[in-house]
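Protein chains: 2
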Amino acid sequence: MKNFRYFNPVCIYFGKGVLSRLGKEVSKLGKKALFVYGMGSIKRTGLYDRVVEQLKEAGVEFVEHGGVKPNPVLSHTREGVEKAKKENVDVILAVGGGSVIDEAKAIAAGAKADCDVWDFFEFKAIVKDALPIVTVLTISGTGSEMNAGLVITNEEKKAKFGFRAEPLYPKVSFLDPTLTFTVPPDQTAYGAVDAFTHVSEVYCNCDVNHDLPKGIMESIMKTIVKWAPVAVKEPENYEARAELMWASSLALCGITWCGVGDLTLPAHMIEHSLSALYDVAHGAGLAIVTPGWMKYMREARKEQLEAFAKGVFGVEGIDEGIESFERWLKELNCPTRLSDIGVKSSDIPEIAENAYQLSVAWGMSDFYTVEVIKEILNLCA
Amino acid sequence: MKNFRYFNPVCIYFGKGVLSRLGKEVSKLGKKALFVYGMGSIKRTGLYDRVVEQLKEAGVEFVEHGGVKPNPVLSHTREGVEKAKKENVDVILAVGGGSVIDEAKAIAAGAKADCDVWDFFEFKAIVKDALPIVTVLTISGTGSEMNAGLVITNEEKKAKFGFRAEPLYPKVSFLDPTLTFTVPPDQTAYGAVDAFTHVSEVYCNCDVNHDLPKGIMESIMKTIVKWAPVAVKEPENYEARAELMWASSLALCGITWCGVGDLTLPAHMIEHSLSALYDVAHGAGLAIVTPGWMKYMREARKEQLEAFAKGVFGVEGIDEGIESFERWLKELNCPTRLSDIGVKSSDIPEIAENAYQLSVAWGMSDFYTVEVIKEILNLCA
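Here the protein sequences come in this chain order: A and B.
Numbering-wise (my numbering), the first sequence opens with residue 1 and increments by one.
Numbering-wise (my numbering), the second sequence opens with residue 1001 and increments by one.
For the record, the hints were derived by calculation from the structure and aren't laboratory data.
Each hint should be verified, as a subset may be incorrect.
Under the rule of at most 30 Å between Cα atoms (straight-line distance), these lysine-lysine pairs were calculated in the DSSO-like manner [claimed, not checked]:
no.	chain 1	residue 1	chain 2	residue 2
1	A	28	B	1374
2	B	1112	B	1016
3	B	1158	A	128
4	B	1032	B	1002
5	B	1112	A	2
6	B	1128	B	1158
7	A	56	B	1002
8	A	85	A	112
9	A	310	A	233
10	B	1016	A	2
11	A	28	B	1083
12	A	171	B	1226
13	B	1124	A	24
14	B	1112	A	28
15	A	222	B	1043
16	B	1128	A	32
17	A	28	B	1128
18	B	1158	A	112
19	A	2	B	1374
20	B	1028	A	128
21	A	2	B	1222
22	A	310	B	1222
23	A	226	B	1226
24	B	1222	A	171
25	B	1028	A	171
26	A	330	A	374
27	A	171	B	1374
28	A	112	B	1222
29	A	31	A	158
30	A	222	B	1128
31	B	1085	B	1043
32	A	43	A	222
33	A	86	A	69
34	A	330	A	69
35	A	226	B	1002
36	B	1124	B	1295
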């Protein structure tokens, strides 16, 4: 096993009805909250009212910051930072999916900083402090509810950048699987693919010869493979929603790569450019890029891809493994080729140039040059 | 999946050489430490000198509290509390196995309390605050380095009691597998059995029909089954020591029972009396009690024991599973019968009476009556 540091102080309340503790937990952290949410689905489902009731009962004042976009943008984040500063809030409450939680994290950092919040994404400044964050998760997938990472899109620069900082671990995250019953089939699938690739990318890039982390990673991936199609077909299947929710949280909480190497996400890196440049969901983009990445790496990651085939899909051989993976993606109605989302081969150079920026920012540019990224994208065409 | 709360804020530094950060981490938590250790093996191995060097380099003053016994006792714990109070230390540094860490936790709690430290064990008082704890682990097994629980023996009352309290999570734990190279074969085996049963007891007592927690539990158990015999035979096999160390920490860190029910440890409960009354190592006692407990529960825990046979040992059927488990225990040179440690059938009533006290304290006495405990022990004879 390789050396590692593991630290994850997020307190998780999981299960049906856990929201009844929300007010109490928020009130432990402050008297005035910035209530961050998305495009209004929480108003349609009644969750908004339940949250407001919890805050009122606990005597927590709040200011609203709704309208977070599915790929959260810098301009709206900056507005949130301004609001948090002006209103002097002392806790950030994020109610939504990974996008809402990510923007909430950026606001929590920005509210305690003198610099512009984008400086953190370009590694010009470091997050030393942040407002405490509480999350109520409504879509399984990103794992943001149980980690210290975030991704924001700078619209002007057309850059989708991310970073992590320990002050950004949520203090408490509420995971009630019933809150995901209303997530539509496509978003359910994309979330599952996102979570799956958080593990498969680590598995396929690291030293897979260590039983315990290998076993944990395979358990998470097999759980997602089994239950995602069920949740897509039966949106109110509690067990499916619950297994997916916990698997997604564990997938990026840090436990998977303990002992096998560092978190490495090359397919994510390339996908970020796809969804920065085109109107495509992150999970859909991953369904396209990840199999292509695997094909490109079939020699360089031979051992890992063979283990992946056997350990996750129970088949022998790299090609059989990738085929099983693609069959599963299609079962989930995910696009698996760039052409499925209307991206042409002639668009590839621009995507590759964009992705290379992130390759540099993430310190992966020694291997992931523009040329290599182009070749990978060609395998996704 | 069942509802759960998960929270584990311990920061783990894992791997060869991580001790080079010890001084720095301790100094973040205080200027004066109580340095708790056991019967002196750390002086023979040179670890004592390395720890002292780290503390001196970081400018941390320290007071020593050596002599913690393998089953740590209340009288010595009380001395530690007195010392911590008198010397006004602000951090507890535990260097040793689970016993040392457990006593360190009791001291950390006692040093901040007005009541007698034993009151916590009898649930007459609740730990609201504690001195921060740093641990350096030298024996894999109890998992104390990554949880908030502890067990202490009250010699006068012949009671081995335990409890958990969140202020007792270590702040930082250093897990260097090379520090366990010198652990003798028997202690290596007993530690592995302890860790294994932390998972198998949960697995066999809970609702095992949930893929993700089931998969995680099986991964931990299979890792221990594979690597414990290797570590016993090849004490300096790094991979074996590393896999065992991380498996032992995860085994009782709380992640295993997320979604399947509460932590339930009936075999541990009965074993505590065995090692309170006789000079037997905890892991050796578990190797005797756990298969007996499984035999007693073969009907009541049919589904779980069938899954255990298949999921951990790859065999079909309850009896085959228990036999495989016993074969593994014998391969580790563990005793598997009370007679192996010189306990006679006529001693069983006294052990059962003693265990019943803990059954009451742990809220398990509805099922685990004196009669039931006797019957289980008869199956261990």
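Could you grab the alpha-carbon distance between residue 56 of chain A and residue 1002 of chain B and see if it respects the 30 Å cut-off? holds (29 Å)
Between residue 1128 of chain B and residue 1158 of chain B, is the straight-line Cα distance small enough, at 30 Å or below? Between residue 1128 of chain B and residue 1158 of chain B the Cα gap is close to 27 Å, so the pair holds against 30 Å.
Next pair to validate is residue 1158 of chain B with residue 128 of chain A; report whether the Cα-Cα distance is within 30 Å. violated (50 Å)
Is it true that the CA of residue 1112 of chain B sits at most 30 Å from the CA of residue 1016 of chain B? violated (34 Å)
Hinted pair residue 1222 of chain B and residue 171 of chain A, Cα distance within 30 Å: violated (33 Å)
Straight-line alpha-carbon gap residue 226 of chain A to residue 1002 of chain B, limit 30 Å: holds (19 Å)
Restraint check for residue 1128 of chain B with residue 32 of chain A, where alpha carbons must lie at most 30 Å apart: Judged against 30 Å, a Cα distance of about 26 Å means the pair holds.
Quickly compare the C-alpha distance for residue 1124 of chain B and residue 1295 of chain B to 30 Å and report which way the hint goes. With a Cα-Cα distance of about 36 Å, the restraint between residue 1124 of chain B and residue 1295 of chain B is violated, given a limit of 30 Å.
Straight-line alpha-carbon gap residue 28 of chain A to residue 1374 of chain B, limit 30 Å: Given that 30 Å is the threshold and the Cα spacing comes to 47 Å, the pair is violated.
Quickly compare the C-alpha distance for residue 310 of chain A and residue 1222 of chain B to 30 Å and report which way the hint goes. holds (17 Å)
Straight-line Cα separation of residue 112 of chain A and residue 1222 of chain B no greater than 30 Å? Judged against 30 Å, a Cα distance of about 46 Å means the pair is violated.
Is the Cα-Cα distance between residue 2 of chain A and residue 1374 of chain B 30 Å or less? violated (46 Å)
In the structure shown, a violation is registered for the earlier hints numbered 1, 2, 3, 4, 5, 11, 12, 15, 18, 19, 24, 27, 28, 29, 30, 32 and 36, in ascending order.
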